[in-house]
Amino acid sequence: MKRVTDIICVFRIQLASMRREVGPFLLAALVFPSGMYLFATAVSGRQDTQEQNPLRFLAGSIVFSLSLTSISWLGYLLLENRFTGRLKLFATLPLAPSSYVFGVLVFALVQAAVGTTALLLVGRAIGVPMRPSFPLLIVVIVLTIFCLSGLGVVIASCARSFSQGSLLTDTLGAGLIFLAPVYYAPEMMPQSLRMFSQLLPTTFAARAVQTTLSGGQAIGGELLTLSLMAVATLGLGFRLMQWREN
Amino acid sequence: MTNALAYAEPETQSAVRSRQSVTVEEPVAVSVRNLIKRYDDGSEANRGISLDVRRGEVIAILGPNGAGKTTFLRQITTELRPTSGSVTVFGVDAIANPESVKRLMGITPQEAGLFDALTVREHLELFARFKNLSKLEAREVAHDVIAELDLVNETNKRVGALSGGQRRRILIGLALLGEAPLLVLDEPTTGLDPSSRRGVWGVIRRAVDKGATVMISTHYMEEAERLSDRIAIIAAGRLLEFGTLEELLARLDRSYRLSYRDPFVPAGDVQVRHFASFAEAQRHISLELLSEYSIARASLEDVYFALTGELFVRTETGAEA
Chain A
1 MKRVTDIICV FRIQLASMRR EVGPFLLAAL VFPSGMYLFA TAVSGRQDTQ EQNPLRFLAG
61 SIVFSLSLTS ISWLGYLLLE NRFTGRLKLF ATLPLAPSSY VFGVLVFALV QAAVGTTALL
121 LVGRAIGVPM RPSFPLLIVV IVLTIFCLSG LGVVIASCAR SFSQGSLLTD TLGAGLIFLA
181 PVYYAPEMMP QSLRMFSQLL PTTFAARAVQ TTLSGGQAIG GELLTLSLMA VATLGLGFRL
241 MQWREN
Chain B
1 MTNALAYAEP ETQSAVRSRQ SVTVEEPVAV SVRNLIKRYD DGSEANRGIS LDVRRGEVIA
61 ILGPNGAGKT TFLRQITTEL RPTSGSVTVF GVDAIANPES VKRLMGITPQ EAGLFDALTV
121 REHLELFARF KNLSKLEARE VAHDVIAELD LVNETNKRVG ALSGGQRRRI LIGLALLGEA
181 PLLVLDEPTT GLDPSSRRGV WGVIRRAVDK GATVMISTHY MEEAERLSDR IAIIAAGRLL
241 EFGTLEELLA RLDRSYRLSY RDPFVPAGDV QVRHFASFAE AQRHISLELL SEYSIARASL
301 EDVYFALTGE LFVRTETGAE A
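Protein chains in written order, with the working numbering: chain A, 1 to 246; chain B, 1 to 321.
Hints listed in this document are in silico derivations from the structure and should not be mistaken for laboratory results.
None of the values given here were measured: they were computed from a predicted structure.
Do not take every clue at face value.
Unchecked claim - Straight-line Cα separation of at most 30 Å, DSSO-like style, residue types lysine-lysine; simulated pairs:
no.: 1; chain 1: A; residue 1: K88; chain 2: B; residue 2: K210
no.: 2; chain 1: B; residue 1: K210; chain 2: A; residue 2: K2
no.: 3; chain 1: B; residue 1: K135; chain 2: B; residue 2: K157
no.: 4; chain 1: A; residue 1: K88; chain 2: B; residue 2: K135
no.: 5; chain 1: A; residue 1: K88; chain 2: B; residue 2: K157
no.: 6; chain 1: A; residue 1: K88; chain 2: A; residue 2: K2
no.: 7; chain 1: B; residue 1: K135; chain 2: A; residue 2: K2
no.: 8; chain 1: B; residue 1: K210; chain 2: B; residue 2: K135
no.: 9; chain 1: A; residue 1: K2; chain 2: B; residue 2: K157
To be verified - Among the chain B residues that face chain A by a calculated CB cut under 7 Å, a handful are:
no.: 10; residue: L80
no.: 11; residue: R81
no.: 12; residue: E99
no.: 13; residue: E111
no.: 14; residue: A112
no.: 15; residue: F115
no.: 16; residue: L126
no.: 17; residue: F130
To be verified - Across the chosen pairs, the derived CB separations fall in these ranges:
no.: 18; chain 1: B; residue 1: G66; chain 2: A; residue 2: I138; range: 52 to 60 Å
no.: 19; chain 1: A; residue 1: R3; chain 2: B; residue 2: I95; range: 44 to 52 Å
no.: 20; chain 1: A; residue 1: K2; chain 2: B; residue 2: D269; range: 54 to 62 Å
no.: 21; chain 1: A; residue 1: G215; chain 2: B; residue 2: K135; range: 42 to 50 Å
no.: 22; chain 1: B; residue 1: G191; chain 2: A; residue 2: K2; range: 41 to 49 Å
no.: 23; chain 1: A; residue 1: V231; chain 2: B; residue 2: T83; range: 30 to 38 Å
no.: 24; chain 1: B; residue 1: K135; chain 2: A; residue 2: P24; range: 48 to 56 Å
no.: 25; chain 1: A; residue 1: V231; chain 2: B; residue 2: R81; range: 22 to 30 Å
no.: 26; chain 1: A; residue 1: T117; chain 2: B; residue 2: R81; range: 40 to 48 Å
no.: 27; chain 1: A; residue 1: A232; chain 2: B; residue 2: E44; range: 35 to 43 Å
no.: 28; chain 1: B; residue 1: G66; chain 2: A; residue 2: V43; range: 55 to 63 Å
no.: 29; chain 1: B; residue 1: G191; chain 2: A; residue 2: G235; range: 35 to 43 Å
no.: 30; chain 1: B; residue 1: R81; chain 2: A; residue 2: Q198; range: 38 to 46 Å
no.: 31; chain 1: A; residue 1: V142; chain 2: B; residue 2: A147; range: 41 to 49 Å
Ideal Cβ positions, reconstructed from N, Cα and C, are used throughout, including at glycine.
Extracted from the complex, chain A is given alone in its bound form (with noise of 0.2 Å):
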């Protein structure tokens, strides 16, 4: 139970921090996925396959939504509480390191949520044809956000510096929707990247949202692979996240 109160405390203390940056957050998370979204439907010329070409950009830019929330934003705030000393007073309590990364966690589902649904209100309006599966979307999302954030808090407790480890989350942020085959067909990638971005997080997360984004279910391979890669982040997230110095 503590540890229950615990987390609720920490996403509770995020939360508040953040009550002056609601709108600058919600710009935020909607204007560079729509942005890249226009920007993709744009370069990509023909409108030949209809539904396919808004899916994929929509899928997209949902993910490229999470990563920024996950790696970018969730790396920045736990960097700020690294380096501003904040993380010293939560080690002054008997709070487990866990609870503490769960907490900040859930803060970022909730972000996560707000953004994908943002998303999803402006892919409607625009008339981007999609069938979603919600439960199997918020299973992706979550599985996503898990995934992605254990990135964030290996950067975050390895940085030996507030502007290192913001430039290390910044460029993973955008560098994993960029780097893998999220708003192009894989075939359109040189041979090389295309093997590589069968270890990226994103490539996974963009194949299964868009599948559940068509109606489409299949997608037992995608959340197993997202399932172990979230064990590995986050394990070792938690690993290298030690209140007690050497």
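Here the structure of chain A is known, so what remains is to put chain B in place on it, guided by the hints.
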């Protein structure tokens, strides 16, 4: 306020029940044995410190900057892993059970960041919840602590809008939440104005009256003299002395301090010399024809400078090695 150890782990509940109703026989609150902290670069911040802190007493830790005071306290609060040695808090091994031990402590770190967007009340209420207090208890405790630290007018202000001194008081308040039986305060009054500092002394005294044991590091001699039962002086990672003020003063061979101005250099600095007796100091006054002087019993400051200065000389001349 709520009972102190309502949140203690089952295994630690037998060790410490609460501040008010201490049923434990354990007379030692903190026991440190041969504590060594060596960093990767080979430097040693603590070199074999051993001491016992008795239940209910206030220990002041003094030492120059870089002496190893904060390193010492951070090993007790489990924030830093010792290279070797042992630390037990109310009989619980702090190295093996950091989380259990932290349930027994209220900690004010020397430097820690607050959440600027939270109000003072939110800060204290949310952090009280981490100490296993119910919502209602957390609200009551936060209310009490706010009043105790004279932050009533700031209750609903965002922490980011407060002065450095007010933020420092919040950090002290966070340590007070839940009435932990051990308070570890690392330079809690640094940056506070004299009035606030005295206010904090009052808060610490009241906590002690309720049964708390306190370890406090400070650079203020007056603070150590007024608050503590025993004083530890640390320099270069070593515990130089540990005892009551009287015991420390008794270590001085020359316990009378003569402060005077050289009659031939009236605009010069005040000179200080120490003497073994009052009569000896008077003789010096007559001999030197001093007209502007004062004689006083040596203070903690004299002990501090005698000890740390001596160590400095030993280190400089290589005798320390």
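Hint-by-hint comparison with the structure:
no. : hint                        : result
1   : A/K88 / B/K210              : 27 Å, holds
2   : B/K210 / A/K2               : 26 Å, holds
3   : B/K135 / B/K157             : 20 Å, holds
4   : A/K88 / B/K135              : 24 Å, holds
5   : A/K88 / B/K157              : 23 Å, holds
6   : A/K88 / A/K2                : 20 Å, holds
7   : B/K135 / A/K2               : 13 Å, holds
8   : B/K210 / B/K135             : 23 Å, holds
9   : A/K2 / B/K157               : 29 Å, holds
10  : L80                         : 5 Å, holds
11  : R81                         : 5 Å, holds
12  : E99                         : 6 Å, holds
13  : E111                        : 5 Å, holds
14  : A112                        : 4 Å, holds
15  : F115                        : 5 Å, holds
16  : L126                        : 5 Å, holds
17  : F130                        : 5 Å, holds
18  : B/G66 / A/I138: 52 to 60 Å  : 53 Å, holds
19  : A/R3 / B/I95: 44 to 52 Å    : 23 Å, violated
20  : A/K2 / B/D269: 54 to 62 Å   : 59 Å, holds
21  : A/G215 / B/K135: 42 to 50 Å : 44 Å, holds
22  : B/G191 / A/K2: 41 to 49 Å   : 33 Å, violated
23  : A/V231 / B/T83: 30 to 38 Å  : 33 Å, holds
24  : B/K135 / A/P24: 48 to 56 Å  : 31 Å, violated
25  : A/V231 / B/R81: 22 to 30 Å  : 27 Å, holds
26  : A/T117 / B/R81: 40 to 48 Å  : 44 Å, holds
27  : A/A232 / B/E44: 35 to 43 Å  : 38 Å, holds
28  : B/G66 / A/V43: 55 to 63 Å   : 59 Å, holds
29  : B/G191 / A/G235: 35 to 43 Å : 41 Å, holds
30  : B/R81 / A/Q198: 38 to 46 Å  : 39 Å, holds
31  : A/V142 / B/A147: 41 to 49 Å : 43 Å, holds
In this structure, the earlier hints numbered 19, 22 and 24 are contradicted, and the remaining ones agree with it.
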